[in-house]
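Add chain D to chain C, keeping to what the hints say.
Top line first, the protein sequences correspond to chains C and D. Going letter by letter, the first sequence gives residues 1 to 226 in UniProt numbering. Going letter by letter, the second sequence gives residues 1 to 398 in UniProt numbering.
One or more hints might be untrue.
[Stated by the list, open to error] In the SDA-like style, the derived pairs of lysine to any residue whose C-alpha atoms are separated by at most 25 angstroms in a straight line are:
#1 D:K199 / D:Y55
#2 D:K188 / D:V268
#3 D:K188 / C:T150
#4 D:K199 / C:K195
#5 D:K181 / C:D158
#6 C:K18 / D:D271
#7 D:K90 / D:H102
#8 D:K181 / C:F111
#9 D:K170 / C:D168
#10 C:K18 / C:G173
#11 D:K170 / C:T7
#12 D:K188 / C:A159
#13 D:K248 / D:E196
#14 D:K199 / D:E159
#15 D:K199 / D:S41
#16 D:K188 / C:I179
#17 C:K18 / C:H45
#18 D:K188 / C:T149
#19 D:K181 / C:Q225
#20 C:K195 / C:Q225
#21 D:K212 / C:L160
#22 D:K188 / C:S151
#23 D:K170 / C:M219
#24 D:K248 / C:L160
#25 C:K206 / D:D271
#26 D:K170 / C:Q156
#27 D:K73 / D:P60
#28 D:K73 / D:S41
#29 D:K170 / C:G183
#30 D:K90 / C:S126
#31 D:K188 / C:F111
Hints are computed from structural coordinates only; laboratory data are not their basis.
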Amino acid sequence: MSSSSSTLTRVQFEQACKAFIDKHARSPLPSMGATTLEGWSWAEHPTVPGLGYLFRTVPLHGRALAPDKNGDFVQENVLQSAEFVDDPAIADGASPEFLTCEQSIAFSPTFQVPAFYFTIHDSRGSPVGLEEIMNTSLLRHHALPETQTTSFALFQRDALFPLLSQGDHPISGLPSWLIHPCGTACAMSELIGEKMAGGMPEVCSKEWLLVWLETWFLMLGNMVQL
Amino acid sequence: MSTFGGIRHSPSTFTSSPASTTLFRRLVWEGTVPLEIRVDSKELPANSNRGLECYFLQAPRVSYLPLLISEIKRFLQDVVFDDEAARTMKEEDWWFESEEGHLLKWHWPIGLIYDNHTTLATSRPGASASSRPQAVPLRLTLHLASPPTDRLLLAPSAEACKQAFMGQLKEADFLRWGNTKRMTGLRKAEQDGMWEGIKEHNFDDYWRVASKVTPTTLPARPGSPPAAQSSSMHTRPPSADPQGTPDKDSAYSVRSVPIRLYLPEGPVLQDLAPPVLEDGGWSLPSIISAQSRDPRISLLLMHLLTTASCYYKGTPNTLADLLSLHLPLLFPAPGPGASPTLAYALLQGVVTPAEAELAWLGALPSINQDVWIHPTVLRAVDMVTSLRVTVALMAGMQ
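Same shape as in the complex, but just chain C (with noise of 0.2 angstroms):
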């Protein structure tokens, strides 16, 4: 049993997971505008038992990027105000390249609590990098606060983890960009114990875990358009 409300055991994230998986209802293609919650089936290891995360497909647009007369790729403004339109391949009218998001929710077991992955690849199967995923629709620049990239990582300043970097996904091993678990817990106490004061059902409860990973996915919500 999670000795907090900020945190769950790997035990519980499962729970969690499979309530959200019965209470939505699945989408075997999630549209364009999916919202948060469609579309996600729960996989397993394919051996090793107790190794589960959520999953799902998602098309994207990106942005072809091309190259200036230096032959340099010009890399748009994407740190803007909250003025900035999400869907920025069809915003300026450049032709949008279609890109499939792989999407996982797994366990992070050094912070306890779910983690977001993610791979995006073109329509030739390769995989794209970081400055291509800056132009997709995929996160929400208004809700990142100043950052700096390098081709591997999105930092914020003085932030002790990057906030988006690669790492091996934890159940497949393979590749995988990740948004940084680090600061969930933190953010998690904070809205658990503002929705536990307005009553919440009983606390480990297989419907309190689903208020709890469904109050999560808002969270990350803010971040990343899902």
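Frame of chain C; chain D shown alone:
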């Protein structure tokens, strides 16, 4: 386990005095593995000195493939490539593959890669199940172009490697203490100094900083044990300070030992691993039990201990406990009528006793402690698959 006036202590083959810990840390640090790196013959540029494109080196276990690139590049420039090829080679497109075609990960320490390969090699059909791994060179193929970006992290740079390394240090800090204050308490120059220590393979430079964030192997002092039950002359009731303050930096005080189990074909298993199991008993830490076998010393030690109050509540969590928890089929819990264990553990290529305490292992230097599990007797059991398990401890370095 022997009792000592109603107090259990767990014998350990390891002492945990600071001097011996430093010795073990240095031994692990200086571990190396032989590598044979051969450029893919199909990718050798024209006019290369064919036949010379093989480079042998003894690489530190605690280092990383990206840190070897410059040395390999110098060799290729000096010996193999002609001027044109040397000028145009792009090491950012380089990638490594094992003999069997396994893609090698940039962010895995070389020791982990080596042990992974050894385990996979000995698990092939026809390999002797009881053979210990031999120190044969790990043969790697170096490709110069077209990295498989869907299976490899995109940026095989030393900078990306450093970031992954620092991230693991911080995660280990968080696992141990529930926060990262020890890491964030380091100045940036100190943090960078740890990576420089890895790059230059300098033990002193690395440990000058690492010692500030790695737990000690000295026992914690969480409080007083119950009064001794026996009046044997070899025991003395400890006059413990009932409000004894735990050694806050002790490996026995951590929330969880940073430890991972690497299955050879994946996945990586990780969960919370407390250093002490709360089972109601009281224990002496291994430092005491190891030295108290000599009865002449034990009395003296007991006298010293009465004021040191080195007892702690619970029994130390051991490697055997952890393995039987996570891999019960390979490591059945001991007891009467228990099935035999089907594998054994290797740490940095050395057989690790099952009773090794996780706390002590977790305070060793280890960027990664790679504990490999090899199957033991398979003839009596018809195993469909023989699993080999790597237990990697990310204790303080990675």
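The hints, checked one at a time:
1. Taking the CA atoms of D:K199 and D:Y55, the gap is about 20 angstroms. The hint holds against a cut of 25 angstroms.
2. Distance restraint check for D:K188 and D:V268: the Cα-Cα separation of roughly 31 angstroms exceeds the 25 angstroms cut-off, and the hinted pair is therefore not satisfied.
3. Of the supplied pair hints, the one linking D:K188 and C:T150 holds, its CA atoms being roughly 19 angstroms apart against a limit of 25 angstroms.
4. The suggested pairing of D:K199 with C:K195 is violated, with an alpha-carbon distance near 49 angstroms, which exceeds 25 angstroms.
5. For the given pair, D:K181 sits about 14 angstroms from C:D158 by alpha-carbon distance, which is consistent with the 25 angstroms threshold.
6. This hinted pair checks out: C:K18 and D:D271 have alpha carbons roughly 21 angstroms apart, not beyond 25 angstroms.
7. Straight-line distance between C-alpha atoms of D:K90 and D:H102 comes to about 22 angstroms, which keeps the hinted pair within the 25 angstroms bound.
8. Between D:K181 and C:F111, the direct Cα distance comes to roughly 15 angstroms. Compliance with the 25 angstroms bound is thereby established for this hinted pair.
9. At most 25 angstroms may separate the alpha-carbon atoms for a hinted pair to count; D:K170 and C:D168 meet this at roughly 17 angstroms.
10. Among the hinted pairs, C:K18 with C:G173 is consistent with the structure: their alpha-carbon atoms are about 22 angstroms apart, no more than 25 angstroms.
11. This hinted pair checks out: D:K170 and C:T7 have alpha carbons roughly 19 angstroms apart, not beyond 25 angstroms.
12. Of the supplied pair hints, the one linking D:K188 and C:A159 holds, its CA atoms being roughly 13 angstroms apart against a limit of 25 angstroms.
13. A distance of roughly 28 angstroms separates the Cα atoms of D:K248 and D:E196; the hinted pair therefore is violated under the 25 angstroms criterion.
14. At most 25 angstroms may separate the alpha-carbon atoms for a hinted pair to count; D:K199 and D:E159 meet this at roughly 11 angstroms.
15. Distance restraint check for D:K199 and D:S41: the Cα-Cα separation of roughly 29 angstroms exceeds the 25 angstroms cut-off, and the hinted pair is therefore not satisfied.
16. With a C-alpha separation of about 24 angstroms, the suggested pair D:K188 and C:I179 falls inside the 25 angstroms cut-off, and the hint holds.
17. Only pairs whose Cα atoms come within 25 angstroms are accepted, and C:K18 paired with C:H45 is accepted, the gap being roughly 15 angstroms.
18. With a C-alpha separation of about 19 angstroms, the suggested pair D:K188 and C:T149 falls inside the 25 angstroms cut-off, and the hint holds.
19. Restraint check for D:K181 and C:Q225: not satisfied, since their Cα atoms lie roughly 32 angstroms apart, outside the 25 angstroms limit.
20. Using a Cα cut-off of 25 angstroms, the hinted pair C:K195 and C:Q225 holds, with the two alpha carbons roughly 23 angstroms apart.
21. Under the criterion of a C-alpha separation no larger than 25 angstroms, the hint pairing D:K212 with C:L160 is consistent with the structure, at around 18 angstroms.
22. In summary, the hint linking D:K188 to C:S151 is supported, as the alpha carbons are separated by about 22 angstroms, within the 25 angstroms threshold.
23. Simply put, D:K170 and C:M219 have alpha-carbon atoms about 24 angstroms apart, close enough for the 25 angstroms limit, and the pair holds.
24. For the hint linking D:K248 to C:L160, the alpha-carbon distance of about 23 angstroms falls within 25 angstroms, and the restraint holds.
25. Among the hinted pairs, C:K206 with D:D271 is consistent with the structure: their alpha-carbon atoms are about 22 angstroms apart, no more than 25 angstroms.
26. Note on D:K170 and C:Q156: the hinted pairing holds, with a Cα-Cα distance of about 16 angstroms set against a maximum of 25 angstroms.
27. Taking the CA atoms of D:K73 and D:P60, the gap is near 18 angstroms; set against the 25 angstroms cutoff, the hint holds.
28. Of the supplied pair hints, the one linking D:K73 and D:S41 holds, its CA atoms being roughly 16 angstroms apart against a limit of 25 angstroms.
29. About 13 angstroms separates the Cα atoms of D:K170 and C:G183, which keeps this hinted pair within 25 angstroms; it holds.
30. Restraint check for D:K90 and C:S126: the C-alpha separation of about 20 angstroms stays at or below 25 angstroms, so the hint holds.
31. Pair hint D:K188 plus C:F111 holds up; C-alpha atoms about 24 angstroms apart against a cutoff of 25 angstroms.
Taken one by one, the earlier hints fail for this structure at numbers 2, 4, 13, 15 and 19, listed in ascending order.
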